[in-house]
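A.B. asks: First to last, the sequence lines map onto chains A and B. Okay, so the first sequence: first residue is 110 according to this note's numbering, each after it adds one. Okay, so the second sequence: first residue is 1189 according to this note's numbering, each after it adds one.
It is possible that part of the hints are untrue.
Distance ranges between label pairs, derived from CB positions [claimed, not checked]: (1) Ser210/A - Asp1245/B: 50 to 58 Å; (2) Val1270/B - Tyr246/A: 42 to 50 Å; (3) Ala245/A - Pro1252/B: 17 to 25 Å; (4) Ala245/A - Gln1264/B: 21 to 29 Å; (5) Glu1253/B - Asn200/A: 23 to 31 Å; (6) Pro165/A - Glu1441/B: 44 to 52 Å; (7) Asn1227/B - Glu190/A: 19 to 27 Å; (8) Glu1441/B - Asn216/A: 29 to 37 Å; (9) Gln1275/B - Asn215/A: 50 to 58 Å; (10) Ser210/A - Gly1411/B: 50 to 58 Å; (11) Lys162/A - Gly1411/B: 32 to 40 Å; (12) Thr164/A - Asp1237/B: 21 to 29 Å.
Worth flagging that the hints you see were computed from the coordinates, not collected in a lab. Glycine included, C-beta positions come from ideal geometry on N, C-alpha and C.
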Amino acid sequence: MPKKKTKKIKSKSKPKKEKKLKLGTFKETAREKLIGQHIGYRYDVNLLPDYKKITPFLKKYIEAMGWDDLNWLEDVHMGYEEDRPAVFCRNANGWVTIPKSIKLPNNQQDRDMIARELLVKFQMSPKHPLVDLKKAYLKF
Amino acid sequence: MGNLKTTEKKSKAQSMGMHTEVLTGRTQQKFFNPDEAENFYYFGTYDVDFNKRTDLDVLNMSAPEANKEIDNLMSQGYGTIVIKNPQGKHSLGVGILNKLNLIFEGSLGYFGMGSCDGPIVRINGRVGWSCAENLMAGKVVIEKNAGSCFGAAIRGGDLICKGSVGARTGIDMKGGTIIIGGDAGAFTGFMMQRGRIIILGDVGINLGDSMYDGTIFVGGEIGSYGSDAVDSELTSSDQDWLRRKLKVAEIGENFDLSKMKKIVAGKKLWNYDNLEPTEKKGAI
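The shape of chain A in the complex, shown without the other chains (with noise of 0.2 Å):
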C-alpha cells in the first residue's frame, strides 16, 4: 500500500500565548501558593515612611505647603513597571520610571523618599500630562 501523504495545514494566525510567572519557578507568598497564582505588586502599600530618611527637598516641600509631616506622600512607594523601578502618578494614571541615572539603596524605606522626591518633581514639572489637558480642557 503506498502511503498517502498527508498535507500539513499551516495555520495562519497563532494565538498569542500569554506570559504567566509559572508557580515554582520564583520564590512565592504563602498567599500566592493558596491561591495559586502570582500577585502583581511587590512591595508592601501599608508601609510606614521612617521620617528619618526625609530628603532635604521633601522637607522644603512639606514647609512650603504648610503641613506638619508627609501627608499624601506617606502614600507613595517605589514599585516596578516592566521589570524597571517606578514610581504611580495617580494624577497622570500611569508609572513614571525612574531614570538609570539614580542608583537605588538596597532599602525600600530609602527607595521610597527617592519615589516620593521625584514623583513631586515630576508632578510639578511643566511638562507632565496635566499640564496639556489643562490648557486644553480648563473651564474657570
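Fit chain B to the given chain A structure using the hints.
C.D. replies: The following block gives chain B in isolation, referenced to the frame of chain A:
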C-alpha cells in the same frame, strides 16, 4: 484605494480604528529632568501668602458664587481666608487645588471640601454627608461631628473629625489618613483599598467589610468585623506613627496607644476570580 471597499462597510468609528485599538498596556512617554528648577506647586496654580488674610461673608451667596470668590481671592494672593456664615450650605470649598489656609466659622452641608488637593482647612462646626470626598492632599479638621460617608474615596491627606462620624466612613478610600476622636458608625472602612483610619472611640458593625488593603486602628469597642477584616499585631513603628498623627490632629494627647487594636485585610478577596469555590464561600 484597495481598502475602499472594506472601509465603506465600516462605520466611521470602525474605520478610525476605535474598535480594534488595544487600550490596555499603552505607555505614554513624557520626558522630564529630575534636576529641573525646584517647584512645589502645580503648573498654573496661584502663588499665595499665608500671612495675607481676608474674610468672606457668604450669607447671601450661593455655593458656586462662594467657591468662585474663594478662587478670586486666591488669584489676588490671599493665603488665609476666613469664611463667615456658611450656614450649612452644600458643596462649599470644593475643587481647591492650591496651597491655602481656609477657616469656616460655622457648619457645612453635604459634600463640603470635596475634590481638594493641598489646602489646610478648619471647620468650626459640623459637616454633612461626604465631607472631603476624593481629597487628594492637605489637611481638613472638623471641630464637631460629621455625617455619613466621611472621607469617601479619599486618595491622600489627613482628614480629622474631633467628634463622632456616621456610617461608611472611609468607604472606598485609596490612601490618606482619617482620624476620628469620637465614635464611628457601621461599615467603617467599607471596601477600602489603601490608607489608614484611626478611631479613638467605639465603632459600629461590619468594620472593614470587604477591605482589600489598608489599616484600621480602633481604641474602643468594635461592634463586629466585616468580611475579610482580621486582627493584626500592633508594632512599635505603628505606635510611633499613631503618636505623631494624633499630635498632628490635636487630639488624644493622653490616649494609651498600646491598647489600640489594629485591623487589616485578610486578603482572601484578592485574585477573587481564581479562588476555589470553597474559598469563595469563606470570603463572602
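A.B. asks: Indicate, hint by hint, whether the structure satisfies it.
C.D. replies: Against the structure, the hints:
Look at Ser210/A against Asp1245/B: about 54 Å separates their beta carbons, and that is inside 50 to 58 Å. Evaluation of the 42 to 50 Å hint for Val1270/B and Tyr246/A yields a failure: the beta carbon distance comes to about 32 Å. The hint said 17 to 25 Å for the Cβ distance between Ala245/A and Pro1252/B, and at roughly 23 Å that hint holds. At roughly 26 Å, the beta-carbon separation of Ala245/A and Gln1264/B lies within the given 21 to 29 Å, and the hint holds.
Range check, Glu1253/B to Asn200/A: Cβ separation about 28 Å, and the 23 to 31 Å hint holds. For the pair Pro165/A and Glu1441/B, the beta carbons lie near 31 Å from each other, so the given range of 44 to 52 Å is not met. Remark: the range hint 19 to 27 Å for Asn1227/B to Glu190/A is upheld by a beta-carbon distance near 25 Å. Checked against the hint of 29 to 37 Å, the C-beta distance between Glu1441/B and Asn216/A comes to roughly 33 Å, which is consistent with it.
The hinted range of 50 to 58 Å is satisfied by Gln1275/B and Asn215/A, whose Cβ atoms lie roughly 57 Å apart. At about 53 Å, the beta-carbon gap between Ser210/A and Gly1411/B stays in the expected band of 50 to 58 Å. Between Lys162/A and Gly1411/B the C-beta distance comes to about 38 Å, which sits within the given range of 32 to 40 Å. At roughly 26 Å, the beta carbons of Thr164/A and Asp1237/B sit within the given window of 21 to 29 Å.
Of the hints listed earlier, those the structure fails to meet are numbers 2 and 6, in rising order.
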